[in-house]
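For chain G, the structure is supplied; the task is to place chain Y on it using the hints.
There are 2 protein chains.
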Amino acid sequence: MSQDSTERIVTALREWIARAAPGARLPSNRELTLQHGASPVTVQKAMRRLSALGLIETRPGVGTFARAMRTARPADYSWQTAALGALPSRMPLLSSTQRSAAPDAIALHSGYPAPELLPERLVRQALARAARLEAAVLRSPAAGSPELQAWFAGELAAAAPVGVTPASARDALIISGSQSGLSSIFRAVVGVGQPLLIESPTYWGAILAAAQAGVELVPVPAGPDGPDPDAVERAFAETGARGFYAQPTFANPTGAMWSETTRTAVLEIVRQHGAFLIEDDWAHDLAIDADPRPIALQDDDGHVIYLRSLTKSVSPALRVAAVIARGPARERILADRAAESMYVSGLLQAAALDVVTQPAWRTHLRGLREQLRARRDLLLDALHEHAPTASVETVPRGGLNLWVRLPEGGDAEQVVRECAVRGVILAPGSEWFPAEPSGAFVRLNYSGAAPERFPEAARVLGDVLSGS
Amino acid sequence: MSQDSTERIVTALREWIARAAPGARLPSNRELTLQHGASPVTVQKAMRRLSALGLIETRPGVGTFARAMRTARPADYSWQTAALGALPSRMPLLSSTQRSAAPDAIALHSGYPAPELLPERLVRQALARAARLEAAVLRSPAAGSPELQAWFAGELAAAAPVGVTPASARDALIISGSQSGLSSIFRAVVGVGQPLLIESPTYWGAILAAAQAGVELVPVPAGPDGPDPDAVERAFAETGARGFYAQPTFANPTGAMWSETTRTAVLEIVRQHGAFLIEDDWAHDLAIDADPRPIALQDDDGHVIYLRSLTKSVSPALRVAAVIARGPARERILADRAAESMYVSGLLQAAALDVVTQPAWRTHLRGLREQLRARRDLLLDALHEHAPTASVETVPRGGLNLWVRLPEGGDAEQVVRECAVRGVILAPGSEWFPAEPSGAFVRLNYSGAAPERFPEAARVLGDVLSGS
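Chain order of the listed sequences is G and Y.
When you line the first sequence up against my numbering, it's residues 1 to 468, in that order.
When you line the second sequence up against my numbering, it's residues 469 to 936, in that order.
Possibly wrong hints are sitting among the right ones.
Said to hold, decoys possible - Just so you have them, the derived chain Y footprint on chain G, three or more residues with Cβ under 8 Å:
{"no.": "1", "segment": "186-197"}
{"no.": "2", "segment": "412-426"}
Said to hold, decoys possible - Here are some, though not all, of the chain G residues that point toward chain Y, as calculated from beta-carbon distances under 8 Å:
{"no.": "3", "residue": "Ala105"}
{"no.": "4", "residue": "Leu138"}
{"no.": "5", "residue": "Ala153"}
{"no.": "6", "residue": "Pro166"}
{"no.": "7", "residue": "Ala275"}
{"no.": "8", "residue": "Ala317"}
{"no.": "9", "residue": "Ser345"}
{"no.": "10", "residue": "Glu456"}
Derived from the structure by calculation, the hints contain no laboratory data.
A virtual CB, placed ideally from N, CA and C, is assigned to each residue, including glycine.
Same shape as in the complex, but just chain G (with noise of 0.2 Å):
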């Protein structure tokens, strides 16, 4: 009989689903029981059933809902090839930073720091106020909360030396992540077709942003101690470009952290060419072995335009950045954001301002230092140990990487591929070239997977290296 009321109850549903919309909620397993005159057993089995056949799928505690169902006809969207027109410009869809691991994998390809790495108590405690401030049914300005973009301000302006006037709290624009402020400040102050000096390599996002605005990208090359400020001022004189974008402190891929003499050589090119320094400080938060010191507080005329996130050291749930800007480029890019997205969520900002100003917040990031450190070090002794043909040229002092050099003639995509088969991921080094790679690099993240795993990963990497 339970075999019987099976098969009827996966016949009925069927017909449902057939008519029924895609997504559209199946009664509930009660109702059913009570709609057969069938066990609840039985309701289950036919469940599976259809669940097997791909026809319905559960979302616990949620309901179960009819899946798409294919129609005769496929669906062509052909004529939308003329529409669109050629592609406008190079714009990976997804970095492989971004892609997502199997759960067993050590992944060493992402961006972000794993979640015991965030003051995640602190996070949810602030979410949880937040939720029961205004912040949480009105509309923020367009230009921030006047608290948070104080905060902001205030940061560079406890640090600026004797003589420079700090930025206000008015030319702190608080944004939804870094990454929208590069778009806005490319557009609103480069523009199309204009001339960007940019580091090489640097943040693949940097790259994809100034691709969308249509931005014509000028690299320089940077070492260890940034780049060579001669190459800067060639570039300028022969570009007419009035924009460097570039992360002078523990910079993303290589670690670098540019010296006190290039810090001053650049800020004054950028002052002699009428020009701005557009300065990426990603890595504030995550200092290890110096503390920041963002060139902006050397400028107070407006050459500066400072970024500033903690998306990576807050929360990734928490997309909240600001950039300082002054005079007429803050007008600038506070209308592109305006015109771009109206304004911030109220809840978001009013949550990191709590996270920021307890006194926890210090507390943890004296921890995450520690453990950044534990962790570099702990990686970089597993490459030595067992990847030794991998070289590591600067060691960060702050960060969330480690750049890696590998040995003349490798192939950096063919090393990600081969390790990715052995359960490590990799980011190849090529999506931080703005132009051809220099060499065969691959970035490795020390702040995402287990610390304990890296030395299987290192032994994976030494394997593929050395053919084995």
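The following block gives chain Y in isolation, referenced to the frame of chain G:
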């Protein structure tokens, strides 16, 4: 003694402020009382003095802060004028709808509903629950949370007629508010210098996003039943445009609703021209006398790009919306979103999904409908009685606004200014026209201010119009 003490505290604090960073928090009044051995009244007097001198600002419930101090050298950002060049296009910084009004003013200018029309309890509970989820500390996928994608797709699918294959969950891209969707669609699907048909009048945010994307607008006049399909046909034929941005249901600002005939005809014209209809269903949750039937329901060839936001119905702090697009257009839009902002906060997505899947959400929407109806009718009656020369040509069957034509020869900007002086804030109609306004209009939002003040507001408008 009190006078002297006040002076002493003022002097001490002036010195403190001169050394402090701008934005630094002053000691609390309690601390100052103890520190200076003064009475609370004396300390308060000193604070008022400092405030009058412009040296401090008090933020109630937060604290008192040093204002930015001017240094001797005034900032000179004039070099930026050369670096930035002329303004790229008409980019108004702030719509009059986004201005904040004095607390005692009757604010009919805003584009948002008052908090009492939001499902506040649901939102706060959802946020508190989301704070405990993984979504609070993880990065969301670029396309959005699969569950929320499925919800948006399912909403359309549930209403799709037989024979039309509805969009799948994958086709729903989660974005942070519909403004960012407009920006991405205009950039990714239309492109710089390309023509885009647009209703006139229409949503100012769409005009702004088009200006930012460098799109060439082709205005098509739209009456209470929508645009004349012949005019749409001519505009496509003359310009070779590949896109038409429209709000077929409860259009902002006019409240117009396209007739069935117009819907069918325009979709057919769009198909024949191998073009996209960008359907902004902004008021999907704000129906009064008619239920929204998106044109997207009729399309399975990817001609309709559908925009649907929860910002105005759930909460302005839950910046969550979806673009539903199919085929290569989906890929282009997703690539643009990824370059622009990487991903949307998973926390906001989880909270939004929580709200719209609660049974209480349906109850809320039913109540909202009645409240909007009552408010709309109250404002209509008040205008009829107190401002008879102001004419409302279309009684909106949904949405938040009355579109009011002023008497022949009226000057909308002048009327808005005079009403503002008398404490009633309206929005001048010119902001909704992609070209010259076709007449003198003002827009009145009946969902913002307290409805009991509508008669008062209508009297002020009537007085201003009659010159009394």
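So, going through the hints one by one against the coordinates:
1. 186-197: Three-residue rule met by the segment 186-197 of chain G, so holds; n is 4.
2. 412-426: violated (count 0)
3. Ala105: violated (17 Å)
4. Leu138: At about 6 Å, which falls below the 8 Å cut-off, the nearest Cβ of chain Y leaves the hint on Leu138(G) intact, so it holds.
5. Ala153: With a minimum Cβ separation of about 6 Å from chain Y (threshold 8 Å), the hint on Ala153(G) holds.
6. Pro166: Because about 6 Å separates Pro166(G) from the closest Cβ in chain Y, which is inside the 8 Å limit, the hint holds.
7. Ala275: This interface hint holds because 6 Å falls under the 8 Å limit.
8. Ala317: This hint holds: Ala317(G) lies near chain Y, its Cβ roughly 4 Å from the closest one there, short of 8 Å.
9. Ser345: The hint holds - Ser345(G) has a Cβ within 8 Å of chain Y, the shortest such distance being about 5 Å.
10. Glu456: Cβ of Glu456(G) sits 24 Å from chain Y, so the hint is violated.
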